[in-house]
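There are 2 protein chains.
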Amino acid sequence: MAGKVDRAASPRRRSAAAAQSQAGRQKEKEQSPSPRRTSAAKPQAKSFATQPDGRAIPPESPSRPLELLSLLVFMLAAIFAALSYKHGARSQHVTSHLILLAAVSVAVFFATMRVIPVCVSYHMRKNLVGRDINKKGTQGGEGSVPEAIGLAPGIVLVSGALVYQTLMLTLRTDTTPYDEAWHMEFNAGVVSVLFMVLLGFVDDVLDIPWRAKIVLPVFSALPLLASYRHGTDVVVPPPLRAYVPEVPGISVDGILYLGPIYKFYMVLVVVFCSNSINILAGCNGVEAGQSFVIGVGALVLNLLNVCSDDKNTAANHMLSASMLAPFLAATYALLMHNWYPSRVFVGDTYTYLAGMCLGAAGVLGHFSETMLIFFAPQVFNFIYSVPQLLKIVPCPRHRLPTFDTKTGLLTATPNYNLINLLLHIFGPCTEKDLTIRVLVVQVLSIAFGFGVRRALYELGWVL
Amino acid sequence: MAGKVDRAASPRRRSAAAAQSQAGRQKEKEQSPSPRRTSAAKPQAKSFATQPDGRAIPPESPSRPLELLSLLVFMLAAIFAALSYKHGARSQHVTSHLILLAAVSVAVFFATMRVIPVCVSYHMRKNLVGRDINKKGTQGGEGSVPEAIGLAPGIVLVSGALVYQTLMLTLRTDTTPYDEAWHMEFNAGVVSVLFMVLLGFVDDVLDIPWRAKIVLPVFSALPLLASYRHGTDVVVPPPLRAYVPEVPGISVDGILYLGPIYKFYMVLVVVFCSNSINILAGCNGVEAGQSFVIGVGALVLNLLNVCSDDKNTAANHMLSASMLAPFLAATYALLMHNWYPSRVFVGDTYTYLAGMCLGAAGVLGHFSETMLIFFAPQVFNFIYSVPQLLKIVPCPRHRLPTFDTKTGLLTATPNYNLINLLLHIFGPCTEKDLTIRVLVVQVLSIAFGFGVRRALYELGWVL
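From first to last, the protein sequence lines stand for chains E and S.
The working numbering puts the first residue of the first sequence at 28, with every later residue one more than the last.
The working numbering puts the first residue of the second sequence at 28, with every later residue one more than the last.
Looking at chain E on its own, in the form it has when it is part of the complex (with noise of 0.2 Å):
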């Protein structure tokens, strides 16, 4: 995303990726000696690595076997976990769901690999491209980096959790606690990712105006409403109750009958989730990356719930975990094509997807608070964002820190947001570097996430 992020901060001019594809188109058209045999040369798969983009990465980097091999150990780690965790009276179901699910998600892994380098040759040679901003003045900030290849994990993705769904309904028996209302859920969760799969592609293409980035994603969140079929209740923890006026019909014994108050509030959770992860962009790997240890932390929620004595609480857990594991994987096989230095950008296509698949998790498993932590360092950049993106402060078109071509290093910009901040706090330090802050501070808001549901556990408050 580095090539055009953060248009926030200028929704009305040109993109720079976008300026600079038409360059390119330009310069495609220089280098071919013949229009017409370069349309005829049909696309060759992994032919990015061979562009003359003055990168030499290869395709597939030594270190692969490892990451594959640690893949494998998480997802098989995931399933034991939650398997040695509690043996409850549905264990037999979980188990093999659990077993169906890691299959389809190391299956959609290797999909996604596959898929990403088709892509890249399409997008390529359609100009769908950006350019590294964090690495200008150097041979990496030369070339064209193809875009938007957010849309292969996300086909791929929808196609596994569809798979995945076929496979359970074939295989199901009168006993399954996963029945109707629960597949009705499922289908909702698929509409709203693929929903935004395709809102994102679309922005990527068209430039979409913001008003339609806030409005679609409401109506993508209307399944998730229209299928929630538990309760709008909120139980006020006790010390809190003398604070609470009782209201009629509203406020009760303690009980907050919240109703269209509710529904309005995940309205909010999924339309903020949805955008949060574009805003906190600008460097190589950190939407994927981000993206990544929120579904890690939210799946081992999932995993230590799906044998939960409570059924309606299993069943829930159960369908966060089922598009979340899926989009687990096809972000890892991302994540490895994006990690510094990007040979792709994953495009407004990867980051609404993410935040709607993580904000349809939180929702349909009925975690939405605890998501809402996960998602600290979002909700902190959203909110330092805001004077600049309401344009109280003076917003250049681009916020990202100023790369040093000399040291190698990022400097902060005087810029409102996280990534800036991190650079002014822990001082100058190269993009790898960088990202790996925000994904540390990324996990430490996960781990308070799991500190407060323990810590109110503990009290006897619900969460």
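Because the hints were derived from the structure by calculation, they are not lab data.
Beta carbons are placed, not taken as given, at the ideal position from N, Cα and C, and that holds for glycine.
The reader is advised that the hints may include incorrect statements.
[Unchecked claim] Residues from chain S shown here face chain E by an in silico Cβ test under 7 Å; the list is partial:
{"#": "1", "residue": "L196"}
{"#": "2", "residue": "V217"}
{"#": "3", "residue": "L225"}
{"#": "4", "residue": "V232"}
Given the structure of chain E, go ahead and fit chain S onto it with the hints provided.
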């Protein structure tokens, strides 16, 4: 679609539209005095009427009020036809749901009318355009026509369907006959259509390979199959039973227990439908026109059955109607811009979504056999095209008729498709008349479909 029509014949060659779009980009660069100024200009809605494209058609044609009136009359007529036909036990729910559906559909129509000009300006800005090949040599063939405008009806109809579902679920009571399983199937239909909108738009932008066009509809058909809750058994009509051998487990007492074979058949139906509208294309208004006629036929069939005594039949036809009514409203709005002479092209975005919407309605409404009869012109066109598609007979880049600039008439070329066949049999005609000829054939197929149903009903057979 005329600009990039019939790529079936030449999947490996660059489409004319793509080549022209590159020329268009070049042109844009030359015309604009300063790229910055051009890019900073906010696209104006309805600016396409003032584009220097040699067309002088105002965005609002004089007959618009009449057409609006006809839409409203059509909607109301459909409701009352259904209500006066039968008054079953569930008629109260049916009435309220049909009124809700009609209201949402009218809103979808007006929203699509508003969104199309916005899409047009964005697509023009990014040179997502084609040329009108059937008008080559005249003023109308000179300018660029915005492509892929099917995106507007696609996004609006999906949003409309989701609003409709939300209202349904908000207003439902304990006696509402549409349960979670119904909504699971509804969501499955939305997933399928949305997947096709995404696939179509990606194809319009990137020209995806043919294998993807076959494989991806299979994935998008999965939720339909997974949600398909009803029998896959087929009752063999009595006169044919003598010819069907008894096979234990598969064919017993005149009933075929098809199971997976029937599901495979459904996948074929969906994949065929989603591609077939795309193949029968090539003159202004023919893609949206044929889809509209088929959709009206299917909706009439639904409305005759929403009060059926059989509870499942009634619910299935309501499900199909819930998808078709917003689809028809959006298609009607698109037709008002796409009818001869086209101010917009519908793009693969529309042809895929239309094919999938009709196919999914047939599968979810449990009348896929009737739907295939409605698709008779598309089936014929596909079979008739096979010799050229398989390159048994030489296949030129485009299989369109020849346009005579002197007479203004289209004449047949020796290509194997329905459009040329109609010109060959009935002689040269204008492009508008050619579209009308195709639509007449389509109407006859619908009438034939109803005739077959009636005949089988009289004979006591099941369809």
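Here's how the hints hold up against the structure:
1. For L196(S), the shortest C-beta to C-beta distance to chain E is roughly 5 Å, which falls under 7 Å, so the interface hint holds.
2. Satisfaction of the interface hint for V217(S) is found here, the shortest Cβ-Cβ separation to chain E being roughly 5 Å, below the 7 Å cut-off.
3. Proximity of L225(S) to chain E holds as hinted, the smallest CB-CB distance being about 5 Å (cut-off 7 Å).
4. At its closest, the beta carbon of V232(S) sits 5 Å from a beta carbon of chain E; the interface hint therefore holds under the 7 Å criterion.
Comparing the model with each numbered hint stated earlier shows that all of them hold.
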